[in-house]
Every structure is written in C-alpha cells, then in structure tokens.
Amino acid sequence: MTGRQGTTFGSARRRVSLPKAADLVADDLRREIASGTFADGELLPPGTVLLERYGISRPTLREALRVLASENLISLSARTQGARVTLPSTDVAANYAGVLMQLRGTTLLDLERTRAVIEPPAARLLAEAEDRKAALDKLRAALDTEKQAIASGDAVAAGRAALDFHDAVVELSGNITLATTFALVQSVVQRHQDLRLSEGSDPSDHEAHLRNLGIANRAHAKLIRLIEAGDADGTEAHWRTHAELVAEALVENDDARRIVDIV
6 MTGRQGTTFG SARRRVSLPK AADLVADDLR REIASGTFAD GELLPPGTVL LERYGISRPT
66 LREALRVLAS ENLISLSART QGARVTLPST DVAANYAGVL MQLRGTTLLD LERTRAVIEP
126 PAARLLAEAE DRKAALDKLR AALDTEKQAI ASGDAVAAGR AALDFHDAVV ELSGNITLAT
186 TFALVQSVVQ RHQDLRLSEG SDPSDHEAHL RNLGIANRAH AKLIRLIEAG DADGTEAHWR
246 THAELVAEAL VENDDARRIV DIV
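Counting the sequence shown from 1 gives a position; this note's numbering is that position plus 5.
Simulated from the structure, these hints should not be mistaken for lab results.
Model, not experiment: these values are computed from the prediction.
We treat Cβ as the ideally placed atom computed from N, Cα and C, and that holds for glycine.
Certain hints may be false.
[As the list claims (entries may be wrong)] Listed next, with one range per pair, are the computed distances between beta-carbon atoms:
no.: 1; residue 1: Ile-220; residue 2: Arg-67; range: 53 to 61 Å
no.: 2; residue 1: Arg-230; residue 2: Asp-32; range: 25 to 33 Å
no.: 3; residue 1: Thr-53; residue 2: Gly-179; range: 41 to 49 Å
no.: 4; residue 1: Ala-74; residue 2: Gly-179; range: 27 to 35 Å
no.: 5; residue 1: Thr-246; residue 2: Leu-105; range: 44 to 52 Å
no.: 6; residue 1: Arg-71; residue 2: Ala-162; range: 35 to 43 Å
no.: 7; residue 1: Asp-32; residue 2: Arg-118; range: 32 to 40 Å
no.: 8; residue 1: Asp-159; residue 2: Thr-185; range: 23 to 31 Å
no.: 9; residue 1: Ala-224; residue 2: Ala-74; range: 16 to 24 Å
no.: 10; residue 1: Asp-159; residue 2: Ala-234; range: 14 to 22 Å
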C-alpha cells in the first residue's frame with residue numbers, strides 16, 4: 006500500500022535518506038546568522054561551546070563549518086582558532102548569478118528588459134513618498150558625480166556613475182526586494198560594461214558611450230524634477246520611456262543579441 010507520492014508503506018522496503026549531523030548543525034547556524042543572532046564580523050561561539058550545544062564530535066563540527074565557509078557565510082582562521090561571520094556581499098552573489106546567466110545564454114537585451122520592469126515602479130515609489138527630500142539630495146549628488154565623470158572623458162568612470170544613479174533610484178525607493186534583485190542585475194551589467202570598455206577596446210566605442218551617457222544624464226535630471234514635483238504618473242512613464250530607449254539603442258548597434266560575458 007502506498008501513501009504520499011514517493012513513500013511506500015507496508016511490507017515493501019523503502020530507503021529513507023536522513024540528513025547528516027553536520028548538515029543539521031550547518032542549517033541551525035545558518036538560521037542564526039540569517040536572523041542576525043551573529044553580526045557580520047562577529048566570531049561564532051568557541052568550538053567547545055558548539056560541541057556541547059549540539060552533542061557532536063569535533064570532525065562533525067569541522068565539516069559543518071566547512072559547509073558554511075563554502076557558502077561565504079563564515080571565514081575560518083587558524084590564527085584566531087575561530088569562525089568569523091562574513092555576510093555575503095552583492096558582488097559575491099552577482100558573480101554566481103552572472104556565471105549562470107552567461108551559461109544560459111542571457112543577452113544584454115534580457116538584462117535591459119529586466120531593468121525596465123524593476124526601475125519605473127521604484128521611481129514611482131520615490132515620487133509618492135511624503136518625505137523625499139533626503140532621497141532627492143542623494144540623487145542630485147549622484148547626478149553631479151555623473152556629470153563630472155562624463156566631462157572628464159573617462160568612459161568607464163562615467164558608465165559606472167550612470168549605473169550608480171540607477172542604483173540609487175531603486176535603493177532609495179525603500180523596497181528591499183526590488184533593490185536586492187536590481188543590484189544583482191546591475192552588477193552583471195557593470196562587469197560586462199567594464200570588460201567592453203577595458204584597455205585595448207575601440208576608442209570609437211568610448212566616444213559613442215560618452216555621447217549616450219550625456220543624453221542619459223539629461224533624462225536623469227528630468228527624473229529628479231518629476232520626483233520633486235511628486236508627479237508619480239509622470240515619473241513612472243518617463244523612466245519607462247528611458248529604459249525602452251536604452252533597449253532600442255542596443256538593438257541598433259547589434260548588442261541586443263550579445264551574450265553577457267563577465268568571465
């Protein structure tokens with residue numbers, strides 16, 4: 006007789022795969038790190054304390070800690086004889102995400118369309134916020150940095166400054182899920198952009214990039230004005246149009262079908 010799918014009862018033999026003790030310990034410590042019990046940079050309790058807490062052997066504890074270290078949640082140091090919490094950064098997560106995107110043939114147009122889905126609603130949230138003065142100050146500072154980078158003629162620095170402005174729009178919206186997801190996408194875009202504009206690239210690419218950034222900078226300035234006026238509909242529509250123009254530019258220069266190449 007059978008019960009739920011994948012489980013057999015009665016006389017039939019069945020094998021149950023039980024989790025290893027090291028995995029259970031790693032799961033428990035991972036939950037504590039994720040919940041903030043242990044802060045970034047803080048040492049986990051000494052080995053003797055963990056051994057007593059979980060009632061396990063030292064080899065099992067070492068295996069559990071190695072699991073967490075492989076996930077970049079802790080760093081192991083023989084010098085301190087302890088495990089220190091090292092919360093993963095967006096760059097680390099983006100590196101894995103970028104490799105996966107590249108293996109699956111993700112194109113630059115895919116990324117731009119994803120940005121176009123995330124950014125306009127985030128900009129709208131900014132325009133709808135009752136207290137947006139601090140956010141506007143940060144956006145103006147990001148806009149000034151972008152202008153200076155463009156004026157310097159450094160295409161790489163200007164490109165990064167433009168991406169930073171977009172990052173600020175989403176981050177300042179106050180929606181953590183949008184900001185985290187967008188940061189992963191932006192990191193992949195930036196790595197690709199840096200590689201394309203690295204030493205030895207065609208100077209004409211740098212010139213065209215700077216011209217496009219000059220146009221984008223004016224669109225960024227308009228966005229700030231719309232947010233300041235509290236025009237939520239206008240803000241969202243403007244930012245969506247801006248994203249669509251960027252995607253169209255990719256199609257025109259045949260970058261739309263280009264697979265992201267961050268490694």
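Hints and how they fare:
no.	hint	in the structure
1	Ile-220 - Arg-67: 53 to 61 Å	56 Å, holds
2	Arg-230 - Asp-32: 25 to 33 Å	50 Å, violated
3	Thr-53 - Gly-179: 41 to 49 Å	44 Å, holds
4	Ala-74 - Gly-179: 27 to 35 Å	33 Å, holds
5	Thr-246 - Leu-105: 44 to 52 Å	30 Å, violated
6	Arg-71 - Ala-162: 35 to 43 Å	40 Å, holds
7	Asp-32 - Arg-118: 32 to 40 Å	36 Å, holds
8	Asp-159 - Thr-185: 23 to 31 Å	29 Å, holds
9	Ala-224 - Ala-74: 16 to 24 Å	44 Å, violated
10	Asp-159 - Ala-234: 14 to 22 Å	33 Å, violated
The earlier numbered hints that this structure contradicts are 2, 5, 9, 10.
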